[in-house]
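Asker: Take a look at the letters that make up each chain.
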Amino acid sequence: MIDFDYVRASDVGDALSQITKHQAAKFIAGGTNLIDLMKENVEQPTRLIDITGLPLNEIQETQTGGLKIGALVPNSDLAYDQRITRRYPLLASAILAGASPQLRNMASTGGNLLQRTRCLYFYDTATPCNKRRPGSGCGAAEGFNRMNAILGWSESCIAVHPSDMCVALSALEAVVHVAGPKGERAIKSADFHRLPGDTPEIDTNLARDEIITAIELPSEDFSRNYSYLKIRDRLSYAFALVSVAAALKIEAGAIKSARLALGGVAHKPWRAPDAEQGLVGEQAGRKAFCEAADIILQGAVGFAHNRFKIELARRAIVRALEQAAAGTPQSQSVKVIV
Amino acid sequence: MSVGTNGIGKPVSRIDGPAKVTGRAKYAAEFSAPDLAYGFVVSSAVAKGRIKSIDRSAALAVPGVIEVFAHDNRPSLPSSHEKYTDQVAAPGSPFRPLYDGEILFSGQPVALVVAEELEAARFAASLIDINYETQEAVTDLDTQIDKAFEPPEKRAPEWNPSPRGDVDSALSRGPNLIRKEYRTPVEHHNPMETFASTAVWENDGRLTVYDKTQGAPNCHEYLCNVFGLAKEKVRVLSPYVGGAFGAGLRPNYQLFMAALAAIGLKRSVRVTLTRQQMFTLGYRPQTLQTLTLGAENDGRLVAVKHDAIANTSRFEDYQEPTVVWSGALYPCDHSTVTSRLARLDLFTPCDMRAPGGAVGMYALESAMDELSYAVGVDPLELRLKNYSETDQNYGKPISSKALRDCYLQGAERFGWSKRRPEPRSMREARELIGYGMATGIWEAFRVPTSARAILAPDGTLEIACATADIGTGTYTILAQIGAEMLGLPLDKVIVKIGDSDLPSAPVEGGSWTAASAGSAVMEACDGLRKELLKRAGAVSNAPLRGVDLADLTWVDGEIRMTSDPSRAMPLSEALLGLNEPITSEVSSTPDERVLQDYSHYAHSAVFAEVRLDEELGMLRVARVVSAVAAGRILNPKTARSQILGAVVGGIGMALHEETVIDHRYGRFMNHNLAEYHVPVHADVHAIDVIFVDEQEPRLNPLGVKGVGEIGIVGTAAAIANAVFHATGVRVRDLPITIDKLLALRQPTNNHAA
Ligand SMILES: Cc1cc2nc3c(=O)[nH]c(=O)nc-3n(C[C@H](O)[C@H](O)[C@H](O)COP(=O)(O)OP(=O)(O)OC[C@H]3O[C@@H](n4cnc5c(N)ncnc54)[C@H](O)[C@@H]3O)c2cc1C
Ligand code: SF4
Numbered sequence: 001m002i003d004f005d006y007v008r009a010s011d012v013g014d015a016l017s018q019i020t021k022h023q024a025a026k027f028i029a030g031g032t033n034l035i036d037l038m039k040e041n042v043e044q045p046t047r048l049i050d051i052t053g054l055p056l057n058e059i060q061e062t063q064t065g066g067l068k069i070g071a072l073v074p075n076s077d078l079a080y081d082q083r084i085t086r087r088y089p090l091l092a093s094a095i096l097a098g099a100s101p102q103l104r105n106m107a108s109t110g111g112n113l114l115q116r117t118r119c120l121y122f123y124d125t126a127t128p129c130n131k132r133r134p135g136s137g138c139g140a141a142e143g144f145n146r147m148n149a150i151l152g153w154s155e156s157c158i159a160v161h162p163s164d165m166c167v168a169l170s171a172l173e174a175v176v177h178v179a180g181p182k183g184e185r186a187i188k189s190a191d192f193h194r195l196p197g198d199t200p201e202i203d204t205n206l207a208r209d210e211i212i213t214a215i216e217l218p219s220e221d222f223s224r225n226y227s228y229l230k231i232r233d234r235l236s237y238a239f240a241l242v243s244v245a246a247a248l249k250i251e252a253g254a255i256k257s258a259r260l261a262l263g264g265v266a267h268k269p270w271r272a273p274d275a276e277q278g279l280v281g282e283q284a285g286r287k288a289f290c291e292a293a294d295i296i297l298q299g300a301v302g303f304a305h306n307r308f309k310i311e312l313a314r315r316a317i318v319r320a321l322e323q324a325a326a327g328t329p330q331s332q333s334v335k336v337i338v
Numbered sequence: 001m002s003v004g005t006n007g008i009g010k011p012v013s014r015i016d017g018p019a020k021v022t023g024r025a026k027y028a029a030e031f032s033a034p035d036l037a038y039g040f041v042v043s044s045a046v047a048k049g050r051i052k053s054i055d056r057s058a059a060l061a062v063p064g065v066i067e068v069f070a071h072d073n074r075p076s077l078p079s080s081h082e083k084y085t086d087q088v089a090a091p092g093s094p095f096r097p098l099y100d101g102e103i104l105f106s107g108q109p110v111a112l113v114v115a116e117e118l119e120a121a122r123f124a125a126s127l128i129d130i131n132y133e134t135q136e137a138v139t140d141l142d143t144q145i146d147k148a149f150e151p152p153e154k155r156a157p158e159w160n161p162s163p164r165g166d167v168d169s170a171l172s173r174g175p176n177l178i179r180k181e182y183r184t185p186v187e188h189h190n191p192m193e194t195f196a197s198t199a200v201w202e203n204d205g206r207l208t209v210y211d212k213t214q215g216a217p218n219c220h221e222y223l224c225n226v227f228g229l230a231k232e233k234v235r236v237l238s239p240y241v242g243g244a245f246g247a248g249l250r251p252n253y254q255l256f257m258a259a260l261a262a263i264g265l266k267r268s269v270r271v272t273l274t275r276q277q278m279f280t281l282g283y284r285p286q287t288l289q290t291l292t293l294g295a296e297n298d299g300r301l302v303a304v305k306h307d308a309i310a311n312t313s314r315f316e317d318y319q320e321p322t323v324v325w326s327g328a329l330y331p332c333d334h335s336t337v338t339s340r341l342a343r344l345d346l347f348t349p350c351d352m353r354a355p356g357g358a359v360g361m362y363a364l365e366s367a368m369d370e371l372s373y374a375v376g377v378d379p380l381e382l383r384l385k386n387y388s389e390t391d392q393n394y395g396k397p398i399s400s401k402a403l404r405d406c407y408l409q410g411a412e413r414f415g416w417s418k419r420r421p422e423p424r425s426m427r428e429a430r431e432l433i434g435y436g437m438a439t440g441i442w443e444a445f446r447v448p449t450s451a452r453a454i455l456a457p458d459g460t461l462e463i464a465c466a467t468a469d470i471g472t473g474t475y476t477i478l479a480q481i482g483a484e485m486l487g488l489p490l491d492k493v494i495v496k497i498g499d500s501d502l503p504s505a506p507v508e509g510g511s512w513t514a515a516s517a518g519s520a521v522m523e524a525c526d527g528l529r530k531e532l533l534k535r536a537g538a539v540s541n542a543p544l545r546g547v548d549l550a551d552l553t554w555v556d557g558e559i560r561m562t563s564d565p566s567r568a569m570p571l572s573e574a575l576l577g578l579n580e581p582i583t584s585e586v587s588s589t590p591d592e593r594v595l596q597d598y599s600h601y602a603h604s605a606v607f608a609e610v611r612l613d614e615e616l617g618m619l620r621v622a623r624v625v626s627a628v629a630a631g632r633i634l635n636p637k638t639a640r641s642q643i644l645g646a647v648v649g650g651i652g653m654a655l656h657e658e659t660v661i662d663h664r665y666g667r668f669m670n671h672n673l674a675e676y677h678v679p680v681h682a683d684v685h686a687i688d689v690i691f692v693d694e695q696e697p698r699l700n701p702l703g704v705k706g707v708g709e710i711g712i713v714g715t716a717a718a719i720a721n722a723v724f725h726a727t728g729v730r731v732r733d734l735p736i737t738i739d740k741l742l743a744l745r746q747p748t749n750n751h752a753a
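The listed protein sequences derive, respectively, from chains G and W. Mapping the first sequence onto our numbering, position 113 (from 1) lands on 113, and the numbers just tick up by one. Mapping the second sequence onto our numbering, position 687 (from 1) lands on 687, and the numbers just tick up by one.
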């Protein structure tokens with residue numbers, strides 16, 4: 001673990017000026033991901049800028065009828081906030097599907113977006129990894145790739161983004177508010193995480209010297225017909241093999257609009273607008289759901305240890321849509337799948 | 001014996017519980033010393049080869065770094081591998097840490113950085129630049145099958161019973177034949193507490209080491225041998241151990257490192273391992289097993305053949321009792337069991353909870369389940385039809401065996417009669433339901449152990465024995481035995497264990513501690529009784545004058561004549577005028593004749609219900625009933641906890657646990673608790689433990705058998721059998737994960753890329 005300095009930022013401006021001054025500095029929020037990576041010498045910041053004192057821990061109504069969530073709101077607070085559980089239960093459910101209560105107490109909203117892949121090779125400095133050490137090769141492609149991608153991967157990296165929360169944010173089309181030396185900007189969730197391409201060392205479109213200040217949820221909330229279904233290797237406290245955020249608007253049995261995002265399958269939460277479009281106007285039922293799953297997974301290609309995820313994803317998509325359509329979302333505490 | 005409220009057989013809460021939950025109980029890494037320095041181990045990045053050079057200049061430049069020890073600058077060490085052996089070592093040449101530059105396994109400790117602070121040591125460790133000459137490592141057991149060999153030197157000859165009958169011709173004649181291959185992966189013990197040693201350098205040159213170990217005397221002996229120290233110059237203590245499951249049976253390298261640095265620097269040093277480094281220690285080996293059963297149409301076995309191949313390291317022939325049970329458990333005239341090893345470029349495996357039994361019985365009991373379908377006999381009925389009162393391997397009587405009661409009581413509690421025989425015949429809503437069962441068996445050992453009991457004039461009893469409590473409840477049961485023997489309340493009994501200065505004990509393993517240390521304590525207390533009776537008889541007008549020890553009852557602080565309780569004397573009176581404590585120390589040994597004449601096992605019957613969403617492959621173990629026959633249960637509460645924990649281990653073995661090796665790098669890859677899955681609460685549902693009555697008449701004076709391991713044996717098979725019953729899918733390759741369940745349900749091209 002690297003020897004590092006530690007400073008606290010007093011406000012957003014201070015945080016930004018600190019990060020601009022120190023090239024090898026990093027923000028630290030809950031620390032649940034960054035500290036682990038530092039212990040393994042995967043991340044080696046020489047300075048940690050503690051942002052937990054910044055006034056970014058509130059959830060506020062927006063003028064357009066949505067909610068704005070401060071970047072430092074702990075995952076637990078967010079999942080149990082009444083406004084979230086009532087209006088955006090999909091988000092609450094996705095958060096509760098992740099990690100453990102202890103971790104969720106520490107983890108921040110902003111940090112969750114920026115958590116790094118759990119690819120085994122990324123975590124082990126004795127092995128090659130293009131994301132950790134560009135040009136060293138991808139250990140996972142011909143190694144243990146059970147937890148790796150089946151969609152959108154590149155020759156240089158087949159990692160997945162491990163977050164559950166981000167899958168729901170993607171389905172809800174949340175917007176990420178960031179501040180940087182040049183001022184503030186908003187990034188659509190679809191554009192926030194990126195595909196690995198030739199530069200897998202870059203996870204997101206956030207610049208190194210930018211800070212996430214808030215996540216904005218639009219007013220459309222899908223609070224009736226939704227489900228977050230996570231399939232994993234044990235019944236809690238494991239990253240997703242495949243997860244599905246499904247949200248529907250149904251009128252008289254027919255689908256008015258649909259959102260579908262997959263976790264655990266790609267370098268970013270995976271959306272397929274054509275599949276969602278295809279559902280519109282269809283009767284909410286297995287036939288339409290299977291077709292949507294087929295469209296999403298059309299280009300899916302797996303590896304030695306994760307090919308099964310393609311069929312698993314197909315089934316999970318159908319089930320999540322069924323759960324959403326029936327108004328029986330997957331419970332995150334009762335482990336029976338409905 | 002008496003019926004005190006704290007004595008033997010009572011569900012007493014752990015006496016060490018309050019110290020543990022309030023943080024007063026100190027673990028190896030929590031002891032301090034003036035001027036303590038901190039060591040951090042550098043682990044090899046390659047699996048095989050040689051260190052060409054070590055550049056430590058950047059590390060040494062880090063402020064606070066005191067020294068970097070490696071093979072090229074270490075203090076003198078013995079070259080003979082013998083010197084590095086220990087009580088639990090497998091035959092072979094034990095690993096010599098930092099001895100030379102040869103790399104034998106990935107993660108091998110290659111250097112130790114010592115600094116004034118842990119952070120500096122850890123940072124400096126990351127700056128050490130090692131230049132390796134790398135060779136190709138072989139870690140894939142499947143490629144080594146043709147090189148598998150029978151180890152020339154046996155760890156325990158009785159694990160390799162000779163063949164009986166003519167198994168092959170019996171198999172060819174038999175009307176029913178099951179021949180199946182089963183696989184179990186490498187598993188790591190993963191106790192919660194990581195390994196640590198605090199080596200305190202005393203000014204007079206003595207070394208006191210607080211170590212996480214299951215055997216303080218074993219580590220004491222190891223240190224004396226490796227560093228050439230006189231016995232009285234070294235003391236090893238392990239007062240509390242945060243779980244071990246066998247990982248602490250042998251001295252681990254952090255002990256060597258801490259001692260080496262302390263001796264080298266003449267200064268106290270603490271070395272703790274990281275979770276990742278926990279995956280560089282011993283582990284449960286991978287096994288490839290073939291089970292062949294021949295049976296009559298009614299299910300009676302005719303022949304059993306069990307062949308197991310397990311991996312070991314290049315330098316030691318680690319062996320465990322994997323196949324012996326298959327020859328012992330069920331009556332049949334023809335049996336051949338064989339165990340072979342294959343060498344891999346990995347560290348030597350190490351006993352892990354029910355070593356051999358957990359994996360071997362998974363294979364046998366899975367095959368028995370397959371047989372039950374082949375002959376159309378209910379799995380429980382099949383076991384009852386094949387019930388044996390003798391040890392089939394050696395034709396010996398079994399000292400006590402209440403397995404039939406385990407079957408019957410377990411089945412009753414579980415509701416086995418509600419099981420429909422056909423696979424896939426039970427469901428509720430979307431879920432398929434499966435019932436499975438299996439037999440468990442584990443050896444009931446007793447090994448020589450010493451103990452001391454000291455009764456102070458104020459009536460306080462101190463019990464001392466070098467054994468360990470690895471979370472099992474040893475403190476508590478030893479106190480209960482002492483309390484029972486002298487009729488004292490529990491809070492009058494002090495237990496001292498985990499210290500090489502105390503009367504010697506073997507490692508705390510093999511489920512033998514209750515029987516061995518327990519008997520020793522009982523005998524030591526018996527010595528006190530004799531002394532007390534002498535004193536009691538000497539008191540003027542003594543009510544107990546001339547009474548025989550055998551006619552006395554010790555209860556409620558009184559010594560009473562059993563047949564005439566009016567003849568009694570308070571213990572305090574017998575102690576009157578006593579200025580010095582009374583001491584009784586014994587070396588307690590098992591009766592060799594009993595061990596010769598009888599076989600001795602604990603048994604269990606395990607029943608499991610699984611529920612599965614078959615479309616998604618999500619599986620739950622909804623219920624487990626474990627019915628155990630283990631002689632007398634000293635403390636139903638701590639004993640139950642042992643079975644609960646072991647059942648959870650069995651769930652992990654069945655569904656979750658696997659350390660994966662990337663053979664290109666010869667390296668375990670999922671070396672953390674996020675990716676090495678053990679069951680979490682959500683995976684553990686109702687577990688019902690039954691202790692059936694079993695009178696054990698002769699193995700030890702307490703009539704006990706251990707309960708530390710029996711709970712895991714058979715559990716994975718019961719779950720795997722339930723999975724088959726639910727789904728009609730037989731996964732013969734643990735753990736049973738979603739992909740294996742799904743892949744078997746449909747043609748592979750369905751989900752191929
Ligand atoms: C064992 C384990 C299991 C887990 N399981 C799951 C799971 O199943 N599902 C799941 O979704 N997650 C899981 N997690 C991940 C967890 O959700 C994340 O670690 C957590 O959300 C990160 O938040 P944090 O505040 O602790 O981030 P930190 O560790 O503090 O930071 C993470 C990164 O974000 C940066 N950062 C933080 N805040 C900001 C900001 N406001 N602006 C700019 N940069 C910022 C930091 O510089 C750092 O690079 C698990 C974690 C662990 C350790
Ligand atoms: S998949 Fe990506 S993160 Fe994993 S080893 Fe390859 S490059 Fe590294």
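Any given hint might turn out to be false.
DSS-like, lysine-lysine: derived pairs with alpha carbons at most 30 Å apart [said to hold, decoys possible]:
#1 K68/G / K26/G
#2 K335/G / K83/W
#3 K26/W / K39/G
#4 K83/W / K154/W
#5 K39/G / K52/W
#6 K335/G / K287/G
The set of hints was computed from the structure by calculation and includes no laboratory data.
Asker: Confirm or reject each hint.
Answerer: Going through the hints against the structure:
1. K68/G / K26/G: 24 Å, holds
2. K335/G / K83/W: 53 Å, violated
3. K26/W / K39/G: 25 Å, holds
4. K83/W / K154/W: Roughly 20 Å between the alpha carbons, so the hint for K83/W and K154/W holds.
5. K39/G / K52/W: This hinted pair holds, its Cα atoms lying about 27 Å apart.
6. K335/G / K287/G: It holds: about 26 Å lies between the C-alpha atoms, which stays within 30 Å.
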